[in-house]
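**Student:** Based on these hints, arrange chain B on the given structure of chain A.
2 protein chains.
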Amino acid sequence: MRIGGIEAGGTKFVCGYGTIDGTIEHMTSFATGNPEETCRQVIEYFTEHPVDAIGIGAFGPVDVKEHSPSYGTILETPKTAWRQFLLLSTLKQALGLPMKLDTDVNCAALGEARFSTETDRPNSLIYITVGTGIGGGAYIENRLIHGLLHPEMGHITVQRHPHDTYGGCCSIHHDCLEGLASGPAIEGRYHTLAQMLPEEHPAWSLQAYYLGQMTANLLLTLSPERIIFGGGVMKQPALLPLILEETDKRLHGYLQLPKPLNEIVTKPSFDGLSGLMGAIALGADALKEQGAAQ
Amino acid sequence: MRIGGIEAGGTKFVCGYGTIDGTIEHMTSFATGNPEETCRQVIEYFTEHPVDAIGIGAFGPVDVKEHSPSYGTILETPKTAWRQFLLLSTLKQALGLPMKLDTDVNCAALGEARFSTETDRPNSLIYITVGTGIGGGAYIENRLIHGLLHPEMGHITVQRHPHDTYGGCCSIHHDCLEGLASGPAIEGRYHTLAQMLPEEHPAWSLQAYYLGQMTANLLLTLSPERIIFGGGVMKQPALLPLILEETDKRLHGYLQLPKPLNEIVTKPSFDGLSGLMGAIALGADALKEQGAAQ
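Taken in sequence, the protein lines are chains A and B.
Start counting the first sequence at 7; every next residue gets the next number (my numbering).
Start counting the second sequence at 7; every next residue gets the next number (my numbering).
For reference, chain A alone in the conformation it holds in the complex (with noise of 0.2 angstroms):
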């Protein structure tokens, strides 16, 4: 069996394909065009690689509701060509396979969680990506979580750092966590990309202050068993040291953790592929969920 798996993300995509047991054989991506060329580049690359069943993570907001009319159509997005695409009946249409879709942070965070190579499997994880963004895939119970829309959170509120004067990012919430702790919130704050600022600049220590309590509200909220950070602006090393050191202050030792907050609160086991191994791995559902109504 080969599963396919597509990252469809704003800026570019990702398709490939593996095994069930979340092996990629095969990747490629490209730039993220108008909907109906980009659909084409997919569709080609499945029909030079034929593939089983594919998976899709796609960049929001989308209809994840798998009984909706409306499944796998991109929502209200700022990329205006994109609107109401219907990116899920198009490519299956075109293919003629079983496939299901949901968003890259949940996709990302089932690829951590089915394809953890722990002995003890996590079976609740949350994803969070912190890159131009804030976002979050969350997996609990062994299953992704979709609720009334799909969770946003990186537009939670938090407590602003007393000496903190910038007003934040964010167009709708100005300082919600996104606006205070997203990388256009660093460059809007120090005048340049995140990437260029050393390890001991106050930076790191500021988005600690912010992200570490996303992290603290997180475990008191949904008591995940892991919680991952992923994204552009964690490519820093010193940020998840300070990241625990801050959720640890919040949680005051109320929380009587099985195991220590570093095992719990960690970097993605497989960085950069985590979305692409949840797609194959959606991928595979499709596949058995179309063998078990036949």
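Watch out, some of these pointers could steer you wrong.
As the list claims (entries may be wrong) - Keeping only pairs whose Cα atoms sit at most 35 angstroms apart, straight-line, the calculated DSBU-like set for lysine-lysine is:
#	chain 1	residue 1	chain 2	residue 2
1	A	Lys265	A	Lys241
2	B	Lys294	B	Lys255
3	B	Lys71	A	Lys255
4	A	Lys71	B	Lys98
5	A	Lys85	B	Lys255
6	B	Lys265	A	Lys255
7	B	Lys273	A	Lys71
8	B	Lys265	A	Lys265
9	A	Lys18	B	Lys18
10	A	Lys265	B	Lys255
11	B	Lys241	B	Lys71
12	A	Lys265	B	Lys71
13	A	Lys71	B	Lys18
14	A	Lys294	B	Lys265
15	B	Lys18	A	Lys265
16	B	Lys71	A	Lys273
17	A	Lys265	B	Lys98
18	B	Lys294	A	Lys255
19	A	Lys294	B	Lys98
20	B	Lys294	B	Lys18
21	B	Lys18	B	Lys71
To be clear, the hints were calculated from the coordinates, so they are not data collected in a lab.
**Tutor:** Coordinates of chain B only, in the frame set by chain A:
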């Protein structure tokens, strides 16, 4: 079939029974004493009123992991006599019935979800209680959430109101949500009981300032179809509309909710009975699982 339910609270125990559709046929309550004496009363009740299975909603912290060797054991509670008490196994041994146990707030969430009379029964629902403490139970994608421990949502970080000078009453975090917005916080700040404060008192908009942050963050993080506010402090009818206003202000139009906020964030449908009804639902699950295992 007659299903028993126990709301095992720190102050009082409620025992009752009903049918599988959630109709309560009988209930009684008594003060929580020492564990042995309290269990004796429970056993007496269910000896007089025989049932086919029992569900228990227990005060915490309690081990709710079904596959754990200490499932149903009370953990590090301030009620020292109850620490390490084998609540579930004591009752199971005495009564010899199929039983399941979860937290009190998870049971309330389950009761509200399972017995909802809405045509579109919610499959994700958070139950929040605001009283002596602030607690929350989560029922997501038709399952109660446990994760690493169980949720302790009351202790999340919130943005402090700029004019609120009260230090907070949480012995661990001082000004977490529970420290700023529980019943004791109201008493600490205004030197009177919450129920003594008139509708127009500024306490209620301050309460809403804090609780609305929780509501908005939960909608962003978990995207539940319903958030239900119960507990003593919520008895002030002016409070819920103020929470809705604050939530709306915090979200600032970001979430394209499929229905009005006041149909998502509501009072309990079964005020005062959600917990017992949820315990009965859990008992029904225990019976079903036993049936399936045989």
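**Student:** Next, verify each hint and record whether it holds.
**Tutor:** Verification of the hints:
Pair hint lysine 265 (chain A) plus lysine 241 (chain A) holds up; C-alpha atoms about 25 angstroms apart against a cutoff of 35 angstroms. For the given pair, lysine 294 (chain B) sits about 44 angstroms from lysine 255 (chain B) by alpha-carbon distance, which is inconsistent with the 35 angstroms threshold. Between lysine 71 (chain B) and lysine 255 (chain A) the CA atoms are separated by roughly 27 angstroms; this keeps the pair inside 35 angstroms, and the hint holds. A hinted pair counts as satisfied when its Cα atoms are at most 35 angstroms apart, and lysine 71 (chain A) with lysine 98 (chain B) does not qualify at roughly 40 angstroms.
A C-alpha spacing of about 26 angstroms is found between lysine 85 (chain A) and lysine 255 (chain B), which places the hinted pair at or below 35 angstroms, so the restraint holds. The suggested pairing of lysine 265 (chain B) with lysine 255 (chain A) is violated, with an alpha-carbon distance near 38 angstroms, which exceeds 35 angstroms. At most 35 angstroms may separate the alpha-carbon atoms for a hinted pair to count; lysine 273 (chain B) and lysine 71 (chain A) meet this at roughly 27 angstroms. Of the pairs offered as hints, the one joining lysine 265 (chain B) and lysine 265 (chain A) is violated, with about 41 angstroms between alpha carbons and a cut-off of 35 angstroms exceeded.
At most 35 angstroms may separate the alpha-carbon atoms for a hinted pair to count; lysine 18 (chain A) and lysine 18 (chain B) exceed this at roughly 58 angstroms. About 38 angstroms separates the Cα atoms of lysine 265 (chain A) and lysine 255 (chain B), which puts this hinted pair outside 35 angstroms; it is violated. Only pairs whose Cα atoms come within 35 angstroms are accepted, and lysine 241 (chain B) paired with lysine 71 (chain B) is accepted, the gap being roughly 33 angstroms. The suggested pairing of lysine 265 (chain A) with lysine 71 (chain B) holds, with an alpha-carbon distance near 16 angstroms, which does not exceed 35 angstroms.
For the hint pairing lysine 71 (chain A) with lysine 18 (chain B), the CA-to-CA distance comes to about 42 angstroms; that exceeds 35 angstroms, so the pair is violated. Note on lysine 294 (chain A) and lysine 265 (chain B): the hinted pairing holds, with a Cα-Cα distance of about 34 angstroms set against a maximum of 35 angstroms. Between lysine 18 (chain B) and lysine 265 (chain A), the direct Cα distance comes to roughly 33 angstroms. Compliance with the 35 angstroms bound is thereby established for this hinted pair. Between lysine 71 (chain B) and lysine 273 (chain A), the direct Cα distance comes to roughly 27 angstroms. Compliance with the 35 angstroms bound is thereby established for this hinted pair.
At most 35 angstroms may separate the alpha-carbon atoms for a hinted pair to count; lysine 265 (chain A) and lysine 98 (chain B) meet this at roughly 30 angstroms. At roughly 44 angstroms between alpha-carbon atoms, lysine 294 (chain B) and lysine 255 (chain A) are farther apart than 35 angstroms, so this suggested pair is violated. Of the pairs offered as hints, the one joining lysine 294 (chain A) and lysine 98 (chain B) is violated, with about 39 angstroms between alpha carbons and a cut-off of 35 angstroms exceeded. Of the supplied pair hints, the one linking lysine 294 (chain B) and lysine 18 (chain B) holds, its CA atoms being roughly 28 angstroms apart against a limit of 35 angstroms.
Our distance criterion of 35 angstroms between C-alpha atoms is met by lysine 18 (chain B) and lysine 71 (chain B), whose separation comes to about 24 angstroms.
Hints 2, 4, 6, 8, 9, 10, 13, 18, 19 from the list above are not met by this structure, while the remaining hints are.
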